[in-house]
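S.K.: Taken in sequence, the protein lines are chains P and C. 1 is the number of the first residue of the first sequence in this note's numbering; add one for each residue after it. 179 is the number of the first residue of the second sequence in this note's numbering; add one for each residue after it.
Simulated from the structure, these hints should not be mistaken for lab results. Fair warning: there could be bad hints in the mix.
Derived DEER-like restraints, expressed as beta-carbon distance ranges [what the hints assert, rightly or not]:
| no. | chain 1 | residue 1 | chain 2 | residue 2 | range |
| --- | --- | --- | --- | --- | --- |
| 1 | C | I234 | P | L38 | 43 to 49 Å |
| 2 | P | S53 | C | S347 | 41 to 47 Å |
| 3 | P | R103 | C | L214 | 34 to 40 Å |
| 4 | P | T61 | C | A479 | 56 to 62 Å |
| 5 | C | F284 | P | R36 | 25 to 31 Å |
| 6 | P | L130 | C | M179 | 22 to 28 Å |
| 7 | C | M179 | P | S53 | 49 to 55 Å |
| 8 | P | S84 | C | Q461 | 52 to 58 Å |
| 9 | C | R301 | P | E48 | 20 to 26 Å |
| 10 | C | T374 | P | R103 | 31 to 37 Å |
| 11 | C | D312 | P | S40 | 39 to 45 Å |
| 12 | P | V37 | C | P460 | 17 to 23 Å |
| 13 | C | A280 | P | R29 | 21 to 27 Å |
| 14 | C | A288 | P | A143 | 48 to 54 Å |
A partial selection of chain C residues facing chain P, derived with a Cβ cut-off under 7 Å [said to hold, decoys possible]:
| no. | residue |
| --- | --- |
| 15 | V271 |
| 16 | P412 |
| 17 | F416 |
| 18 | A419 |
| 19 | V423 |
| 20 | A426 |
| 21 | R427 |
| 22 | N430 |
| 23 | I458 |
Away from chain C, derived, C-beta distances all over 10 Å, residues of chain P [said to hold, decoys possible]:
| no. | residue |
| --- | --- |
| 24 | L38 |
| 25 | V47 |
| 26 | V101 |
All C-beta atoms, glycine included, are put in the ideal place defined by N, C-alpha and C.
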Amino acid sequence: MHEPKPQAAPGEENGASLPPLGVLGRREREVLSVLRVLGSATVQQVVEGLDTSLAYTTVMTTLDRLFRKGLLARHKQNRAFLYSVALSARDLEGHRAAHLVRRFFSESDVRPEILVSCLVDAVHHYDTDLLDQLESSIRTARAHSASPSPAHPSSAHPGSAQSSSAPPQSTPRKGDPR
Amino acid sequence: MTLSYTLRLLCVLTLAIGLVLAASQITLALAARWILGALDATTARWRERILYLLQIGPALIAIFIAGALCLPSWLHGETNRESESVSTLCLLVAALIALWFASTLFRGLALAFRTRRYARACRRSGQLLFPAGDIPVLAVSDPGLPVGLIGFLRPLILVSSGLLDASCSIPLAAFDLALAHERSHARHRDNWKLLTLAFLPRLHPRLPGGDPFRQPWQNAADWAADDDAVRGDPNRSFLLADALVLAARAANASTARATYICTALTSAGADLAVRVHRLIHPQPSARTTAPSLLVALAAFALLAAAALCTLSPWIYNLSEHLLHLGAA
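Extracted from the complex, chain P is given alone in its bound form:
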């Protein structure tokens, strides 16, 4: 029997049906990461899965708090609650980011475009157009360069050819250790 997620606090916006996730504590994050690994677990299993030793009641309180925040689902199995993560890691980070961005824009007097530019620098996500453009530049420069030496196959893929410019190596694919 799944318990329903707690209702959003009155006055919260639609996109923020979750509480301020930006303020998740270290212990809460640890518990969440254990549950992500285990899938679903009882309090005792979470206690055993943690790196640091915490009291059963502490973990139980943390799990209950996370459940009330809407980050966990739980259902009763025999006499114990079985907890599982209600949001994927990506969704959780998405909600946290949304919360952070709302705070970021509401707490500053600086022009939004400056803030956006700072954000773009900070998140370190390369612009896809830029990457396409760089790839095209490399292709063009390669075509214009002197005819490449056959000793350096530029299109060799792992497993299909060896680079003579480096020590001979076999494919670096996963599952193929040397």
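Following the hints, put chain C in place on chain P, whose structure we already have.
M.R.: Coordinates of chain C only, in the frame set by chain P:
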């Protein structure tokens, strides 16, 4: 407030280190534009070395002044072994400086500990791609970077599993070049340099004097590692440029973020477009004016040291003034 002889000595040393450190960081920051401009003519490796020296320089100068000038002059000049009153302003400044040092030390230790723990976890759970002997190369699930060097005594090269997936399809030759780039970082102890920088107290980046050389140093270290990896071969340059773009795409696909000390193939804040441009449009060899610049810096440091030595008779008086700063 009255302080014992030893506490007064500690107070003087803390003040000396903190004030000299802050002053030299601000001075270097004011000259940063000129210094960076002068370094444009040097090779990437010299640029990296000098920028690293400029970062640790203020701390070395501060320790030298405190250890070689303030300490002996205090031990020689202070005859009162009993408790003595010290001004509140002096204590307040000393406490602030001690707090600054303590927070830096704590942050550095936490970072070093986190790095060690993550490197251990990778050794346990990572999949060995190439054997140990040189530097082990491990495939790790989403380490927060596509390719990177981690660890200090026994470094590892981490490769994100995402980069090795069929969808990414990184050519083997490009992958070799990415590894060569990381091996160059390992050979030049760039992780150790990052570790020392983590323990250096620095002014806040928004203050004048806050970290003007950090990002240029990281860029120079990446450029130097690129140059080492390609060894002047245009084909290798194109392959490394390919690897950079593929690594950037893999970094985009990653949700994790590296929170440990590492030298990544594509590091945060680094200008990827500039690196790719350097690789595909190689410039004529830079004039290596770094030795002459180093000689100039060394001469300047010697002159400064000589000037300080001539001041040494007054250093004790200066210490006394600091201890009674603001007192009536």
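S.K.: Any Cβ of chain C at or closer than 10 Å to V101 (chain P), or is the non-interface label fine?
M.R.: holds (17 Å)
S.K.: Does the Cβ-Cβ separation between S84 (chain P) and Q461 (chain C) fall within 52 to 58 Å?
M.R.: holds (57 Å)
S.K.: State, for the Cβ atoms of R103 (chain P) and L214 (chain C), whether the hinted interval 34 to 40 Å holds or is violated.
M.R.: Holds: the Cβ-Cβ distance is about 35 Å, inside 34 to 40 Å.
S.K.: Taking the Cβ atom of T61 (chain P) and the Cβ atom of A479 (chain C), is their distance within the range 56 to 62 Å?
M.R.: At roughly 58 Å between Cβ atoms, A479 (chain C) and T61 (chain P) fall inside 56 to 62 Å, so the hint holds.
S.K.: Check the following: the C-beta atoms of T374 (chain C) and R103 (chain P) are separated by a distance inside 31 to 37 Å.
M.R.: holds (35 Å)
S.K.: Is the Cβ of V47 (chain P) more than 10 Å away from each Cβ in chain C?
M.R.: holds (21 Å)
S.K.: Using the C-beta atoms of F284 (chain C) and R36 (chain P), is the stated range 25 to 31 Å upheld?
M.R.: Holds, since F284 (chain C) and R36 (chain P) (Cβ atoms, about 29 Å apart) stay within the stated range.
S.K.: Evaluate the given range 43 to 49 Å for the C-beta pair formed by I234 (chain C) and L38 (chain P).
M.R.: Since the Cβ atoms of I234 (chain C) and L38 (chain P) sit about 45 Å apart, the hinted range of 43 to 49 Å holds.
S.K.: Could you check if V423 (chain C) really has its C-beta closer than 7 Å to a C-beta on chain P?
M.R.: holds (5 Å)
S.K.: Classify the hint on N430 (chain C) as holds or violated, based on whether any CB of chain P lies nearer than 7 Å to its CB.
M.R.: holds (6 Å)
S.K.: Return the status of the interface hint for A426 (chain C): holds when the least beta-carbon distance to chain P is below 7 Å, violated otherwise.
M.R.: Because about 4 Å separates A426 (chain C) from the closest Cβ in chain P, which is inside the 7 Å limit, the hint holds.
S.K.: Looking only at beta-carbon atoms, does the pair D312 (chain C), S40 (chain P) fall within the given range of 39 to 45 Å?
M.R.: At 43 Å between Cβs, range holds.
Comparing the model with each earlier hint shows violations of hints 6, 7, 12 and 15; every other hint is respected.
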